[in-house]
Amino acid sequence: MADRITLKIFDIVGGPVWVSSDDGQKVFDKITAAFKANRSVDLSFANRENLITAFLNAAVGQLYGGEYKEDFLKDHLTFSDITDDDRAMLERAIENAKRYFSNRQSYDQAWEDVVDEDE
Amino acid sequence: MSSHPSAVSLGEIRSTQSGFSKLAALAADLDAYLFDTVEVDFSACTWFDANMSAPLGVVFAHAVDNLNTVKIKGLRPNVETILSKNRFLNGFGFPEREDTHGTTIPYRRFTVTDDRYFAAYLNKHLRGKDLPIMSVALSERFKNSILELFVNAAMHSESKLGIFSCGQFFPSKHRLDFCIADAGLGIRRKIYKELGLKMNSDKAIEWALQEGNTTRKGNVPGGLGLKLIREFIAMNKGRIQIVSDRGYWEYSPHGETLTRIDTPFPGTVINIEINTADHSSYRLRSELEI
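Respectively, the protein sequence lines represent chains A and B.
Count along the first sequence from 1, then add 50; that gives the number in the numbering used here.
Count along the second sequence from 1, then add 22; that gives the number in the numbering used here.
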């Protein structure tokens, strides 16, 4: 089992407001750096004031983009100090990410030009 | 430069398709001026929904960006009170008025990188003391929805003139409206720019509402924020409206409308209205529970 490290979102972002995709990216970069160093990650949600899915999509959702298998993430990524509501939001973000990455091609191909002469 | 100020006028503005259409028409009127002083005549405006100050801010920002001076005249006392209380008129030489009933979430203009200032603004103004009858859970879901909209606008709109916001609580109706408006490309042009897909404005809104669709490049999944907002608004029996370019979409318990307005709005506006008297549990559920 890989050594476990606790990453505090509050420290990585530098405050309690966790809304932007850019701040989510900072968290994602720390998680993947820890994985590369053969560490497991416990991601702490302590001291949050605001949290939305745009942040979670970048911080956690993009981990499901293919580089890491789901089983690896189950074994190497845990979440602590998290409220029930935030956990539900996180689960929705993870479910959305899995669906997004498994259907990406079809999402892109499903739409064609839809235009008439009025515009 | 003309010797007399040019004049355009504005009628009653409510949070309706007609209200948005009138603001789009005002934008088109103002677009004819450059290096000019333009007086906007409000004498025909008998009512102005305060939250609509956000898209009005976009319209005026475009006019000022064209190096015009915008002046306001003919304000009726009730409309002046509304627009002074929410501080919209501060920038036009009118004195600020105290919001004694605590029903206003003031008009503000942010840059696209102001996400933390925007969160602080919401955290301050959506606290219980100003809006006492909302449950904590409802207030949290509402706040999160608005934050999602701000981040969405910041990420996708390419609005050089910023992001404009304003909210208003209507106590007798138990309704709280909050509007976020940007002065950016609009959804239709953004889709064309990023994906090369040509769409009418209404279809472009439909595209943006579809699960999984995003113009974002890279490896970050999108498309969840609006879905959760729609779930929330449906549960709350509230209303959501999106105006972008000529596209207009509205979703409420009365049904769904997707159409085109006559004149393009120069950006994108999202208005959400919640029923503050609703005491449902707003716990998010995982998809397996739904």
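No lab work stands behind these hints, which were simulated from the structure alone.
Check each hint, because a few of them may be wrong.
[Claimed, not checked] What follows is a set of in silico ranges between Cβ atoms, one per label pair, in the way DEER data are often shown:
| no. | chain 1 | residue 1 | chain 2 | residue 2 | range |
| --- | --- | --- | --- | --- | --- |
| 1 | B | D284 | A | S90 | 24 to 34 Å |
| 2 | B | K220 | A | G115 | 37 to 47 Å |
| 3 | A | S90 | B | P275 | 16 to 26 Å |
| 4 | A | S90 | B | A159 | 47 to 57 Å |
| 5 | B | R119 | A | N97 | 51 to 61 Å |
| 6 | A | D125 | B | N88 | 39 to 49 Å |
| 7 | B | E233 | A | K124 | 17 to 27 Å |
| 8 | A | N88 | B | E233 | 32 to 42 Å |
| 9 | A | S130 | B | E233 | 22 to 32 Å |
| 10 | B | A66 | A | D79 | 52 to 62 Å |
[As the list claims (entries may be wrong)] A few chain A positions that, by computed beta-carbon distances, are all more than 10 Å from chain B:
| no. | residue |
| --- | --- |
| 11 | A52 |
| 12 | F60 |
| 13 | S71 |
| 14 | I102 |
| 15 | K119 |
| 16 | R149 |
[Stated by the list, open to error] Simulated pairs of lysine to aspartate or glutamate, EDC-like, Cα-Cα distance not exceeding 20 Å:
| no. | chain 1 | residue 1 | chain 2 | residue 2 |
| --- | --- | --- | --- | --- |
| 17 | B | K220 | A | E169 |
| 18 | B | K165 | A | E117 |
| 19 | A | K80 | A | D125 |
| 20 | B | K95 | B | D136 |
| 21 | B | K93 | B | D121 |
| 22 | B | K182 | B | D87 |
| 23 | B | K249 | A | D135 |
| 24 | B | K249 | B | D284 |
| 25 | B | K259 | B | D284 |
| 26 | B | K93 | B | D136 |
| 27 | A | K80 | A | D134 |
| 28 | B | K165 | A | D135 |
| 29 | A | K124 | A | E99 |
| 30 | B | K93 | B | E61 |
| 31 | B | K95 | B | E61 |
| 32 | A | K148 | A | D136 |
| 33 | A | K86 | A | D125 |
| 34 | A | K119 | A | D135 |
| 35 | B | K249 | A | E141 |
| 36 | A | K148 | B | E233 |
| 37 | A | K148 | A | E169 |
| 38 | B | K182 | A | D53 |
| 39 | B | K95 | B | E34 |
| 40 | A | K119 | A | E141 |
Every residue, glycine too, gets a C-beta built ideally from N, C-alpha and C.
Verification of the hints:
| no. | hint | verdict |
| --- | --- | --- |
| 1 | B:D284 <-> A:S90: 24 to 34 Å | 58 Å, violated |
| 2 | B:K220 <-> A:G115: 37 to 47 Å | 29 Å, violated |
| 3 | A:S90 <-> B:P275: 16 to 26 Å | 47 Å, violated |
| 4 | A:S90 <-> B:A159: 47 to 57 Å | 33 Å, violated |
| 5 | B:R119 <-> A:N97: 51 to 61 Å | 37 Å, violated |
| 6 | A:D125 <-> B:N88: 39 to 49 Å | 58 Å, violated |
| 7 | B:E233 <-> A:K124: 17 to 27 Å | 25 Å, holds |
| 8 | A:N88 <-> B:E233: 32 to 42 Å | 36 Å, holds |
| 9 | A:S130 <-> B:E233: 22 to 32 Å | 30 Å, holds |
| 10 | B:A66 <-> A:D79: 52 to 62 Å | 55 Å, holds |
| 11 | A52 | 23 Å, holds |
| 12 | F60 | 13 Å, holds |
| 13 | S71 | 6 Å, violated |
| 14 | I102 | 5 Å, violated |
| 15 | K119 | 16 Å, holds |
| 16 | R149 | 7 Å, violated |
| 17 | B:K220 <-> A:E169 | 10 Å, holds |
| 18 | B:K165 <-> A:E117 | 34 Å, violated |
| 19 | A:K80 <-> A:D125 | 17 Å, holds |
| 20 | B:K95 <-> B:D136 | 32 Å, violated |
| 21 | B:K93 <-> B:D121 | 24 Å, violated |
| 22 | B:K182 <-> B:D87 | 10 Å, holds |
| 23 | B:K249 <-> A:D135 | 17 Å, holds |
| 24 | B:K249 <-> B:D284 | 28 Å, violated |
| 25 | B:K259 <-> B:D284 | 29 Å, violated |
| 26 | B:K93 <-> B:D136 | 28 Å, violated |
| 27 | A:K80 <-> A:D134 | 24 Å, violated |
| 28 | B:K165 <-> A:D135 | 14 Å, holds |
| 29 | A:K124 <-> A:E99 | 27 Å, violated |
| 30 | B:K93 <-> B:E61 | 5 Å, holds |
| 31 | B:K95 <-> B:E61 | 7 Å, holds |
| 32 | A:K148 <-> A:D136 | 18 Å, holds |
| 33 | A:K86 <-> A:D125 | 15 Å, holds |
| 34 | A:K119 <-> A:D135 | 26 Å, violated |
| 35 | B:K249 <-> A:E141 | 14 Å, holds |
| 36 | A:K148 <-> B:E233 | 13 Å, holds |
| 37 | A:K148 <-> A:E169 | 36 Å, violated |
| 38 | B:K182 <-> A:D53 | 46 Å, violated |
| 39 | B:K95 <-> B:E34 | 15 Å, holds |
| 40 | A:K119 <-> A:E141 | 17 Å, holds |
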